[in-house]
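Protein sequence lines correspond, in order, to chains F and R.
Taking my numbering, I'd label the letters of the first sequence as residues 4 to 321.
Taking my numbering, I'd label the letters of the second sequence as residues -9 to 399.
In case anyone wonders, no lab produced these hints; they're calculated from the structure.
Be aware that a few hints might be false.
Chain F regions said to be covered by chain R (calculated; three or more residues, Cβ under 8 Å) [as the list claims (entries may be wrong)]:
1. 169 to 183
2. 266 to 273
3. 276 to 285
Here are the simulated lysine to aspartate or glutamate pairs, EDC-like style, with alpha carbons at most 20 Å apart [to be verified]:
4. LYS69(F) <-> ASP364(R)
5. LYS158(F) <-> ASP238(R)
6. LYS158(F) <-> GLU164(R)
7. LYS320(R) <-> ASP261(R)
8. LYS55(R) <-> GLU317(R)
9. LYS263(R) <-> ASP340(R)
10. LYS55(R) <-> ASP304(R)
11. LYS69(F) <-> ASP81(F)
12. LYS69(F) <-> ASP97(R)
13. LYS263(R) <-> GLU37(R)
Computed from a prediction, not measured in an experiment: that's the story for all the values here.
Heads up, the beta-carbon is just placed ideally off N, CA and C, and yes, glycines get one too.
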Amino acid sequence: MALTLEAPAVDIGKAARAARRPRRGRRLTGDGVASSVFLLPILAVFLVLFAVPVVQTVYYSFTDYKGLAPVVNWVGFDNYVQIFNDPSLLVGLGFTLTFALTTTIAITALAIPLAVVLNRKFMGRTFARSLFFFVGVPAQAIIGLIWQYIFSPLKTGALNSFLVTLGLPSVPWLADSTLAQFCVIFVAVWAQVGWHATLYLAYLQAIPADLYEQASIDGASRRQQFWNITMPELVPALAVSSFLLITGGLKIYDLAFALTGGGPGYATNTITQQIIQRGLSQFDYGLGSALAVLFTIACLVVVLLQIRAATALTRRYS
Amino acid sequence: MNNPHRRLGVAAVIAAGALIVTGCSGGSGDSADGGVTTLNYFTWNNEASMQPLVDAFEEANPDIKIELSSANNDPQAYSETLLARASGNQLPDVFHLSLETAAEIIDAGYAYDLAGQPALEGSTPAPVFMRGGEVYGMSLSAWAGVIIYNTDLLAEVGYDSVPTDLEGFIELGEALNAAGTTPYLEDTNGPSGSFIPMVGGFYAASGGSDEGVFDGEEGFETWIPVIEQWHGIVGTVLPPEVVGVSGDQIKQNFMAGQVAMYRSGAWDFPDLKSAGITFSTAAFPAIDGGEAYVGGGADSPYSLSASLEGDKLDAALTFLQFLNSEEGLKLAEENLGQVSTSTNYDANVDPAIADVYKDYIQQGKFYWTQFPHDGSVMGAALAAQFQLLIQGQATPEEVAARLDAAWNP
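Chain R on its own, in the form it takes in the complex:
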């Protein structure tokens, strides 16, 4: 091959071929490198809060390394990121199922069946994450979405707790507004954390349920009475400018003493305590014809990718076993504010949420909408429609009609 043009041509062909081959090859990654197995874990929780559990596990298992990534307690962002990664064949080794993603992930065969695994002993699988006898998520704790309130700011306007009826709640809001304090904020970038518990309280008092809506026997017009009453807190308790504020900003405002109440849960307790805020928790008020309720359910369970095998599968199961051990559950309680439901550890309920835990969680007075499919679609639709409702650009009837359109496209 004396012709330089021909040599260059051959080199170009080889380069093109190499480019195609590397571009088309999958990126499965090595399972073990120098005897260390690396797992990537996409956590539901705040990364800084999850790190102590990861550190403790790695110390006890030096041959396993966890690469942590997180959506920082943003459920909507977590669901969308997880589904995007799944569709791109980049599902994490360890992740969390949620109500928004469970149906799609499980039905597509992406989650590993954990039934019969020793790691699950002591835990109670939630039915929504099961298919027949197969278990796709390890639920270790329950979550409660509550009103977290600054006891000092409420005391300044003559309140020692949050009223459990809607009229009283609005009066509290007006008193706080008069004192120059923002009464209440919640993250409007996802389903309303105050509205959904009110739906639960409405169903509890009326004997209804959301099954009729999911089955198509009735539409979201059954929610109109709840939407109308919830709308009464806009402008009195919930300022309209809450739209456009991120969950992080809301928490920062509460920690700075600029907001009297906000919607959150025990997962924020470590940060709130570090800010020196004196706080407590309360249920969401009852609407007329309803009961006071909290948002809640089984915590998003730990799940494994169905593609795991060999060393990686063993390492992942070892990680789950640690999370369901006394040490892991204790660390989760201390760092994540999680209330264990596993028999491997007796939960110490934080005093700030002890009353809510006793009066609501243990009494079954908790609710969160569990869409049997298209949870991510409905979550986005609920967020957008309630933003329009708060702005005054939609009526309760229009919100219900658009939710129907999203559920039945």
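Isolated chain F (complex conformation):
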């Protein structure tokens, strides 16, 4: 008896459609579930450490909560009105934005040439690289305390003593509002330029050397090679570095507080210092929360602008 095998009747179209459709059933019970479950820890962290505090902060910003006794009264926008009517808070916001923008520009402008120099071969290169990186290692508060001594405005201060021995007049470094702001920015740039130069150095070392050889053969000068080869290759590093600098600059607190205490007057006051002082130390959770909400919105705007600019730059040079 011969066996006759017949192919079962199959709807080709239906089979093709089924093949294109993702196989949900099996993936959900296997990889899909495992992937979702692995997100649980970070979701828990996000909820507990971010989402819940943000919602609480927004709520408290509309109240007169003092943070000690559990008495909470709704005051509407009173806290926000107080912020915009308080000149010291506006000065703090102004300095915070100035600090973030100025340090970003200054560090970027110094770190790139420094990285180019450190990428060349010279005696003591490894030591130089370590030295520049090391200055950014100590905590910002420690750096602030050290420079407070150096920038002491007294005639007997460290830097002023040196100036006086050279026959120059002493300078009221931390006693003058503008100079104090300059000192805070200077110390921040000094502390961070090495770290960011190291970041750029890593990207520089990934640039193929034959690009420069070819450019040299074609007669390109060093300057032309820098702008047409080096800089385009550094655009991704620029995006990362500027993002870190902007976000770090907006959060500035420990360096300025250790160096000047926020003074003279309110000249080097920062928004973070105001949030901590008003909200925690002076028991005005409502006002501190309102400050935090406004500051978060301001940071979002600044960071979004920065990301947009970086994306445009990356597209331009990719």
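Given the coordinates of chain F, work out where chain R should sit on it, guided by the hints.
The following block gives chain R in isolation, referenced to the frame of chain F:
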């Protein structure tokens, strides 16, 4: 459970749950470990100066250990740190109340009522740290903020003491400037140590008080005459570059013989003596229409956290009892420069401050502003406004107006 993905998933859920639970749990700490009870004490004083008292107590009480932390004699930093710790539910077991923090800490129920405790016998509670019959701080000494001056540097310009009138004080400053010596420095990161006593002297001579300001019946414009006269020492006695200098730097400069006078108190005597400086003390000069006064009041009292109980409470009360004992008060006098007001010990007033103690403290000629609430806010406002005044960025009228705005937001 054969599916490895499922096992991993369960492990992740357990890890997440553990993370949430540990993150949300309070950190009360154990009271006793191996029979030793540990107390954490946030001291007002310099940690190195306080350590001998702690060592002596631990030697006498081997079952109690004290973990010491300090704000190194910086009142503003102490107040802000204490309030931040209180709001974060991390109030130390033993701490000090101050004029800036008393209202908030007591009214929120954070301080333990010490009324009737044997540890308090011999001490006189200060009214500002009491509520009715309840006592929230054990005051054992009085403090005096004075001018500490280098007798040698003053002698070089022909002075054997500090003049008690403002005009004479300014002339002394000019003489010291001419000799190339910085006349006077004070820490501008808190309320002015020279201005506040002048306010006290002004009130004493005029019969006024700060109650009208606190009640809202009058504003800080009543301080304008004092601010204007105080401003006269800027540039003549007090160099404008004092803004931006820390209290530690000022003390170091004085100990190095680079400053003739600075504002401080007996708490610095141990350090000054170790530097070999020949020094003495003086009151702040009287403005026109005022009297020479010193800054002063009851020392920031010792307080206990209201959450203490059981072994920790017993240990804390034992610590207070030691501090109010003859041995504790003697050690405080030797190491902290504190002048005891407790009957458990007869104070030996340091010769350097004996005259000021006799002529001012014992005569009641001391004053410090006791804000009934928001002391920390007003302390910060006073510091900032006087920094602007010294820089020339604010007038006395503007300073008074901004203090009003800070007091009545």
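Exercise. So which hints don't hold here, by number, going up?
Worked result: none
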